[in-house]
Amino acid sequence: MIETLKARNALMQRIRAFFHSEGFIEVETPIRFKTPCMELHIDAEPSGDHYLRTSPELYHKKMLARGAEKIFEVAKCFRQGERGDLHNPEYTMLEWYRTGGDYMTALADTQNLLSAVGRVFAGVIAWASGDWWVFTVAEVFEKHAGWNPVEDFDADRFDFDLIEKVEPALPKDCPVVLKDYPAELCALARLKPGNPKVAERWELYLNGIEIANAYSELTDPVEQRARFEKWGEQRRALGKEVYELDEEFFQALETMPEACGVALGLDRLLMILTGAKSLDAVLPFRD
Amino acid sequence: MYSASDLKKGLKIEIDGDPCVITDFQFSKPGKGQAIYRCKIRNLSTGNSFDKSFRSADKVEKAALESRDFTFSYEAGDDYVFSDNETFEEVHLNAEQLGDNKYFIVEDMQVEILFHNDKALDITLPNFVEKMITDTEPGARGDTTTNCNKPASIDNGYEIAVPIFINEGDVVRIDTRTGQYADRVSKG
Numbered sequence: 001m002i003e004t005l006k007a008r009n010a011l012m013q014r015i016r017a018f019f020h021s022e023g024f025i026e027v028e029t030p031i032r033f034k035t036p037c038m039e040l041h042i043d044a045e046p047s048g049d050h051y052l053r054t055s056p057e058l059y060h061k062k063m064l065a066r067g068a069e070k071i072f073e074v075a076k077c078f079r080q081g082e083r084g085d086l087h088n089p090e091y092t093m094l095e096w097y098r099t100g101g102d103y104m105t106a107l108a109d110t111q112n113l114l115s116a117v118g119r120v121f122a123g124v125i126a127w128a129s130g131d132w133w134v135f136t137v138a139e140v141f142e143k144h145a146g147w148n149p150v151e152d153f154d155a156d157r158f159d160f161d162l163i164e165k166v167e168p169a170l171p172k173d174c175p176v177v178l179k180d181y182p183a184e185l186c187a188l189a190r191l192k193p194g195n196p197k198v199a200e201r202w203e204l205y206l207n208g209i210e211i212a213n214a215y216s217e218l219t220d221p222v223e224q225r226a227r228f229e230k231w232g233e234q235r236r237a238l239g240k241e242v243y244e245l246d247e248e249f250f251q252a253l254e255t256m257p258e259a260c261g262v263a264l265g266l267d268r269l270l271m272i273l274t275g276a277k278s279l280d281a282v283l284p285f286r287d
Numbered sequence: 001m002y003s004a005s006d007l008k009k010g011l012k013i014e015i016d017g018d019p020c021v022i023t024d025f026q027f028s029k030p031g032k033g034q035a036i037y038r039c040k041i042r043n044l045s046t047g048n049s050f051d052k053s054f055r056s057a058d059k060v061e062k063a064a065l066e067s068r069d070f071t072f073s074y075e076a077g078d079d080y081v082f083s084d085n086e087t088f089e090e091v092h093l094n095a096e097q098l099g100d101n102k103y104f105i106v107e108d109m110q111v112e113i114l115f116h117n118d119k120a121l122d123i124t125l126p127n128f129v130e131k132m133i134t135d136t137e138p139g140a141r142g143d144t145t146t147n148c149n150k151p152a153s154i155d156n157g158y159e160i161a162v163p164i165f166i167n168e169g170d171v172v173r174i175d176t177r178t179g180q181y182a183d184r185v186s187k188g
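Going line by line, the protein sequences match chains V and B. Using the numbering used here, read the first sequence as starting at 1 and increasing by one per residue. Using the numbering used here, read the second sequence as starting at 1 and increasing by one per residue.
One thing to keep in mind: the hints can contain errors.
[What the hints assert, rightly or not] Computed list of chain B residues with no C-beta within reach of chain V, every gap over 10 Å:
#1 Y2
#2 I36
#3 D135
[Claimed, not checked] DSS-like, lysine-lysine: derived pairs with alpha carbons at most 30 Å apart:
#4 B:K62 x V:K172
#5 B:K187 x V:K240
#6 B:K59 x V:K230
#7 V:K240 x B:K150
#8 B:K12 x V:K172
#9 V:K165 x B:K187
#10 B:K32 x V:K230
#11 B:K119 x V:K165
#12 V:K240 x B:K12
#13 V:K143 x B:K32
#14 V:K76 x B:K62
#15 V:K172 x B:K52
#16 V:K240 x B:K62
#17 B:K102 x V:K165
Worth flagging that the hints you see were computed from the coordinates, not collected in a lab. A virtual CB, placed ideally from N, CA and C, is assigned to each residue, including glycine.
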């Protein structure tokens with residue numbers, strides 16, 4: 001266990017040094033609040049009459065609206081019912097945002113970060129200095145699942161084919177980025193200017209494991225509210241809890257500049273960097 | 001009924017009327033997507049294995065399995081007849097259902113029989129049974145090494161590897177889980 005603790009310490013040191021050298025400041029945001037982000041399949045853990053955060057995203061955007069330009073947080077997050085080799089109901093997210101730039105700027109940040117981190121763990125990983133593969137979601141689905149979810153979306157089929165057909169076929173020896181998700185999976189990303197069928201969102205895979213999610217951030221409060229309301233309705237239809245909307249967040253979007261951001265699963269990254277097969281190996285106090 | 005979130009390795013469930021056990025389990029959830037519970041499953045009736053994935057909203061039937069204690073009574077042709085320790089109700093299992101267990105059943109043996117909807121699925125014998133060796137080459141005098149084996153058989157023809165020092169008439173203990181020799185109980 002002590003080796004894993006030391007590996008996490010080395011990773012955290014490296015991450016903080018990287019962000020500080022790039023001019024980012026480390027921030028802290030609330031862990032308990034009443035208005036968790038409304039997403040169809042992410043369930044918040046209740047905490048009294050509040051909830052534990054599933055992500056620090058909304059508070060980071062409020063900070064950008066108030067003038068912050070480059071911020072990062074090492075954020076414990078909580079998601080109900082998620083437990084497996086690659087999931088734990090409590091986990092550590094590395095989340096960062098910068099104003100200006102889009103999801104491709106966020107990809108460059110991620111490449112620089114992983115290259116800085118990878119040098120420390122070079123014995124375990126092959127990709128520290130290698131090439132990255134970037135595919136569109138449409139092309140990997142056409143190739144490995146035989147259909148195009150951007151042209152003709154089917155949420156249920158998308159999830160199953162992603163897990164059973166696409167992910168197993170992705171290269172394992174280099175970082176792989178899937179980008180331009182169907183507009184239906186836009187979450188808090190903006191739709192691509194000139195091509196509203198796709199959202200400017202990417203996901204990064206290392207060793208075939210999903211590790212980070214990034215957006216060109218949506219800055220339109222009207223559209224963001226409409227999305228949350230739609231997902232709230234869908235949650236209601238599924239018998240899930242419907243969360244109160246965060247009005248302060250919509251107000252922040254009125255003045256938030258163009259920005260991009262990344263959420264990266266730190267426990268999974270540590271797992272990959274140490275060659276572990278399950279989060280069991282990197283979380284010393286797992287239930 | 002189980003919810004998908006109750007699924008785990010070792011859980012016994014019922015699919016299309018057959019009792020099954022989950023032999024491997026993986027929780028998956030693509031970013032922003034739904035939870036998918038991916039299982040490897042073995043059908044306890046047929047022994048066949050297959051993959052099956054469940055969604056959050058899926059419900060899974062509990063397997064109606066029940067285990068009861070029985071005593072071996074008698075053989076009737078190809079059948080082995082056991083009587084329920086509480087109700088004295090008789091249950092017939094044939095040689096095929098028993099597999100190698102049939103060689104280890106002795107008079108009055110206490111066994112556990114697993115039922116699915118009153119159909120016998122599996123039998124568990126005591127871990128060890130004592131049997132007399134009825135046929136083997138004579139043992140080398142004084143040779144008590146246990147790492148060198150020779151063939152032998154017991155009264156019902158079951159063949160078993162035993163140490164060199166075992167002779168005809170010796171009673172040995174056999175591990176019913178592996179079908180292998182455990183140790184010598186008494187000399188013949």
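Results for each hint:
no.: 1; hint: Y2; result: holds (14 Å)
no.: 2; hint: I36; result: violated (6 Å)
no.: 3; hint: D135; result: holds (50 Å)
no.: 4; hint: B:K62 x V:K172; result: violated (38 Å)
no.: 5; hint: B:K187 x V:K240; result: violated (71 Å)
no.: 6; hint: B:K59 x V:K230; result: holds (26 Å)
no.: 7; hint: V:K240 x B:K150; result: violated (67 Å)
no.: 8; hint: B:K12 x V:K172; result: violated (35 Å)
no.: 9; hint: V:K165 x B:K187; result: violated (63 Å)
no.: 10; hint: B:K32 x V:K230; result: holds (15 Å)
no.: 11; hint: B:K119 x V:K165; result: violated (39 Å)
no.: 12; hint: V:K240 x B:K12; result: holds (28 Å)
no.: 13; hint: V:K143 x B:K32; result: holds (22 Å)
no.: 14; hint: V:K76 x B:K62; result: violated (36 Å)
no.: 15; hint: V:K172 x B:K52; result: holds (25 Å)
no.: 16; hint: V:K240 x B:K62; result: holds (25 Å)
no.: 17; hint: B:K102 x V:K165; result: violated (46 Å)
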